[in-house]
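Asker: Here is what each chain is made of, one letter per residue.
Number of protein chains: 2
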Amino acid sequence: MTTSDSPLPSWRAGTTREAVVAFLKSAEDLPPRERVACFDNDGTLWVERPNYVQLDFFLDALRRRVGTEPDLGSRPEYAALLSGDTAALGELGLPRIALALTELFEGVHPDVFTGHVRDFMATATHAALDRPLRTLIYAPMLELIEELRSRDFSVTIVTGGGTEFVRAISDELYGVPPEAVVGTLIEYDFHAGEDGPHLSRSKRLLGQANEGASKVVNIQTQLGRRPILAAGNSDGDSEMLEWAGNGAGPSLSLLVDHDDGDREFSYSGHSVTLTDTEPILTTAGRLGWTVVSMARDWARVFPDVQN
Amino acid sequence: MTTSDSPLPSWRAGTTREAVVAFLKSAEDLPPRERVACFDNDGTLWVERPNYVQLDFFLDALRRRVGTEPDLGSRPEYAALLSGDTAALGELGLPRIALALTELFEGVHPDVFTGHVRDFMATATHAALDRPLRTLIYAPMLELIEELRSRDFSVTIVTGGGTEFVRAISDELYGVPPEAVVGTLIEYDFHAGEDGPHLSRSKRLLGQANEGASKVVNIQTQLGRRPILAAGNSDGDSEMLEWAGNGAGPSLSLLVDHDDGDREFSYSGHSVTLTDTEPILTTAGRLGWTVVSMARDWARVFPDVQN
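Taken in order, these protein sequences are the chains called D and G. The first sequence begins at 1 in the numbering used here and counts up one residue at a time. The second sequence begins at 1 in the numbering used here and counts up one residue at a time.
Check the hints yourself; a few may be wrong.
Among the chain D residues that face chain G by a calculated CB cut under 10 Å, a handful are [unchecked claim]:
#1 P178
#2 A180
#3 R225
No wet-lab data here; the hints were simulated from the structure. We treat Cβ as the ideally placed atom computed from N, Cα and C, and that holds for glycine.
Work out the full structure: start from the sequences and follow the hints.
Answerer: See the structure below:
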């Protein structure tokens, strides 16, 4: 078998790759409707350090806005963000910061928001890695997605990030359609105008942030199917990985361990919002999940950059 | 061209069929991601008279429950339902009745609920039409769904009915997967048990009933795409049909008019929950929607029954 015929060429031979291949084989006997895979996005499909890509997008939008409305820059949340004052950011807290950023797009039509995200992603670069942000997706995970899709899996993204932010790029980057993206939602306002109905973004969160137990609940309410493969990298993915691994049939709970400071970043999977929980590597050991060591298991991290 | 080669064989020749065929043709130039169709379910894809199928399901569940727990039968909502006391039902109001029925499945795992729905649908019959309930789907709409799917449309169901109720049968009846069903949701409770996480149905509605403006909002939040075809039959579909018809490109807003008392039921499309709005046939005329006369436009109403 040549390399190009072999599935998962960016995965090095070893127990991790063997576990993935064994799962793919075992799923062949299942009816297609049971073949559901849920992937976390930040840190699982693409880079999340030093900033979440979505935060970079919002920071860019904030700088543009403050350029035309300088008074906005004195608002405490925005001032802390613009100066990178981590002490002030910590004191204000992530929920308040996130809501302040959400307000930047209050009143905006969903298609216009999508356009802003795509414009940003078309040109933004990652300073430390010196690559376009849109290329900072993990080649081994793309191969796994392709392999799953060729085996009639429904491939979905279940992210703590904004649903509409991820939808704006999920089709182009991962081939995942908008309805297969489950994330954190903001509410829309409905307007019955003279020229027909239209929608605008509010500054209100719809339900809770899509982390932890909410990922399991939202998979059920929005997708209506239980995954048999779940992949994540942080505490906020723990319940989803356990949910996927807890069915009667074959399953795969994949935990990406960021242990490759040379090619990417080296850090543990503690999410910023859930700090009281068991470290997820401990959970992985206890429940027998498959841990993906980026340093050991991935022959390459990023796809070739074509520009 | 023979009948079997012709698309939409159950649609009689005429302006309605011509409008549908012209729309299909005009959509061929669109990128597949823009080919999204949203169908209402009750009264648009299957029979809703004299009762919503979902109400028949809940009534059946209520009778079984009262058989083993007779005291339940004295609860006002249940007593009115069991005796068919329309005055009492009207006084109690639909929201209170619906919530009382939702309580019948409080604490139940989603897969168990799905099993109950499928068991019911496997054997239940429609007394007036003397057919199994599962065969009371409209053959012309099934043909339209097939035709859309063959043209790379994403075919979705946007229903005022319970999301999980419709999901239980949407794949078998319409080939629509669970994630493509947008309906009225109940909240789930998440439990972190010794044996891993599990979910149970609560008795709380998640957001509002999926009718009227909520259909437009929920299409955006759950599907993330705007339909270019919407089909409905009642006031609760009005905003969705206007939304679909309001884009820049080709679109089709289809309104099913139940004017065929011989083969089905003859009634106007006033929903029970929205009575203050313009009659939907008036809206259809004002906005140039395509009205489907069941009596005139459909050569047959139901598919052949095979049992």
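Asker: Going by Cβ atoms only, is D/A180 closer than 10 Å to chain G?
Answerer: Nearest chain G Cβ about 7 Å off; hint holds.
Asker: Any CB of chain G closer than 10 Å to the CB of D/P178?
Answerer: With Cβ-Cβ at 3 Å, under 10 Å, it holds.
Asker: Tell me if the interface restraint on D/R225 is satisfied: Cβ within less than 10 Å of some Cβ in chain G.
Answerer: Result: holds, 5 Å to nearest chain G Cβ.
Checked against the numbered hints given earlier, this structure breaks none of them.
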